[in-house]
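*Asks:* Each chain, letter by letter, is given below.
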Amino acid sequence: MTCAEFQAVLPYIIDNGGNAEQQEHLRNCEVCSGLVNDLKYIAEQAKLLVPMMEPPKKVWDGIKTSLEQEGLVKDSARGSLLSSSARTRWGPSNWLLPIAAALLVAVGLFYYHNNIAERQAPTEANSAMAGDTANVAGSSATAVQSASMGNEQDRQILSEIASHAPSLSQAYQEDLQRVNAYIADAQGIVARNPDDEDSRQALMEAYQQKAMLYNMAMRHSLP
Amino acid sequence: MRPEKGELTQAKKTLVPGLTEADAIDRAKRGDAESFEALYGMHKRRVYSLCLRMTGNTAEAEDLTQEAFLQLYRKIATFRGESAFSTWLHRLAVNVVLMHLRKKGLPEVSLEESLEPQEDGPKKDIGARDNVLAGSIDRVNLERAIESLPPGYRIIFVLHDIEGYEHNEIAEIMGCSIGNSKSQLHKARMKLRDLLKTSRAEKATRN
Amino acid sequence: MMSMPRGFYWVVMLASCTALGAAAQSKKEFHYTLGPHAAINLVNQFGGVTVVPGPEGHADITALLHSKKIEVDAVQRGSRLELRTHFLQNASPAEGQVDYELHIPADTSLTVRSTSGPISVEGINADMTLEGDTAQITVRQVNGGHIHARTLSGPIRLQDVKHGDVEVVSVSGPVTLTNTDGHMLTINTTDGKITYTGDFGDSGEYVLANHSGDIDVTLPASASVDITATSEKGTVSNDFPFHPVPHSAFSTTQGKSFAGTANAGSSSVRLRSFSGRIHVKKQ
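Protein chains in written order, with my numbering: chain A, 1 to 223; chain B, 1 to 207; chain C, 1 to 283.
Hints in this document: simulated from the structure, not taken from any laboratory. Quick caveat, the model's predicted, so the values are computed rather than measured. Some clues are possibly wrong.
Only pairs whose alpha carbons sit at most 25 Å apart, straight line, appear in this in silico DSS-like list of lysine-lysine [as the list claims (entries may be wrong)]:
hint	chain 1	residue 1	chain 2	residue 2
1	B	K44	A	K57
2	B	K103	B	K29
3	B	K29	A	K58
4	B	K197	A	K64
5	A	K57	B	K197
6	B	K75	A	K58
Okay, the calculated beta carbon distance ranges per label pair [to be verified]:
hint	chain 1	residue 1	chain 2	residue 2	range
7	C	A221	A	H164	45 to 55 Å
8	C	P93	A	R155	21 to 31 Å
9	C	V245	B	R102	47 to 57 Å
Glycine included, C-beta positions come from ideal geometry on N, C-alpha and C.
Using the sequences provided together with the hints, build the complete structure.
*Replies:* Spelled out as structure tokens, the structure:
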């Protein structure tokens, strides 16, 4: 066996040692045995690399902000991510803001990676929401903004489905229309009854439907 | 996938006095703020290091770390404890990174092995005896060398040799064959070998 | 030479076509040893998935591949089994179809994704996540598992599912629950009809909600429920002799909403629709 022959199969035998002929060559060939030792040494050293890199503080700050806006955290007696100013903003008429943000974040993964300008848009929308105070009109403007971004995302989702799963295009189009109508009606109820827990719950359920639809659609675009 | 290096059981991990990881997970499922922060503190380095090594880009790694933890918190209610929490989180982070790389245009792992040397591929080491590497690699040089790997090689090397995924797992994640995963890993290691030897030679010259 | 009778010719043709069709199909079998509380993850685009209990400690899987353009990747990692239909080249839904049948220990948790399904699980007492775009999902005789079932338009049926948590989400697929109860059960559709027949168990929390589909609930006289029903734009009707109970946070409007209790009122039931029709009746 020549070195060329041995090294051609080395990727596939380096873990198990190879057959008798290959092992014989390895025993007798300084070049190939040196190569194998080097490659194994590199692999062993890689295993010893510990996760030493510390993310900057702004990573946690970003997570904290999103958790608050999505309503995933509850105020805790032992401490809270919510600042006192955030608590004063957490009034019933502002439920539209975090709920709209929840949809944006829930569908953000697809949206997030497509291009830089669109990735900035949710941040801009969140900044607008963070600066807003108890103002349904302001919430409506945000809802319109999120709706327009939602329409763009809808188009992208349908485009992905048409590309990767064309037999499902019709079903996705129809279901997307149904879900958007659900969200629109639920938003209307919350706007009329901002203090009603059931209304807010209905809006969350509507968003859950859309998030599920996006999630299923995204699976088709993955290899 | 092999367990995290030096991993304790969930019951024994203590994040803050009186708060074990298992408690924090239970509380986080109910939306407890302190528990979210505690879990982040425990796992941030591993997730961030993974993101940084796979992307080679600090800004992307920060964004992906954030996204991985947000997904964790959204999905934590579905964690049933069939696997270690760190394993579950780790897998989630890998998926986040890979989805990101695919959207960017992940370098396709070729279905056919090319016998011709690639422009950025390692030289085939046939016939010429060379000085062995054993004992001469330090962590900093290795990290630098990994960072300078072409993205396709780097992803598979990080997944296999650093993060401990098996070839069949990588094949599933990357949508390639097991043979292709082995071939790409070999090329990554060969490339690292070249880079490390070059670095060692340069250092010797300077000295 | 004598010519063949025409009938004989067609028999030969049919046999040939059948043989050719059969030749394109292939069957693969996988056998694994599984410990207690193992997990199986199956991803399939086109084709059915049937899961039934099998001998303890063993998983026997049969995959019927409908063409040579697909293969099945199966790998076991410890107590986890991963099965995935893998496309070797572009294939139509018919060519890409793989039908799976799994005989597994009853305590094996499942994650099954199939675009077109159907997905059928029976007798598995473990957690499961079942998902399909247009797949019909059927779950029967499950005790104590947490069930997540999600479709876009595929119908979802649960029957004799007890003592677990159930979360069902479908955009337009009808959801039918028969003799199903648990600690927490939430059904959420956009316009899929929700049909519940049963007694809501004991001390569970149930939310059946949709946008524009109907919600039909049939319960026996022995049911112990505290129930509210409301439809913003649709109608609410009730034929069950509930005891009216004033709910301070819940306003009752004839034909639009009602609240009541039956027996001890131990299970909380919330029925909610935007424009669908809600009908509650006695079995």
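*Asks:* Against this structure, judge whether each hint is valid.
*Replies:* Against the structure, the hints:
1. B:K44 x A:K57: holds (11 Å)
2. B:K103 x B:K29: Violated, because 30 Å separates the two Cα atoms, which is more than 25 Å.
3. B:K29 x A:K58: holds (24 Å)
4. B:K197 x A:K64: violated (44 Å)
5. A:K57 x B:K197: Violated. K57 of chain A to K197 of chain B sits at ~36 Å, over the 25 Å cutoff.
6. B:K75 x A:K58: With Cα atoms ~22 Å apart, K75 of chain B and K58 of chain A stay inside 25 Å; holds.
7. C:A221 x A:H164: 45 to 55 Å: Given a distance of about 52 Å, which is inside 45 to 55 Å, the answer is holds.
8. C:P93 x A:R155: 21 to 31 Å: holds (25 Å)
9. C:V245 x B:R102: 47 to 57 Å: holds (55 Å)
In summary, the numbered hints that this structure violates are 2, 4 and 5.
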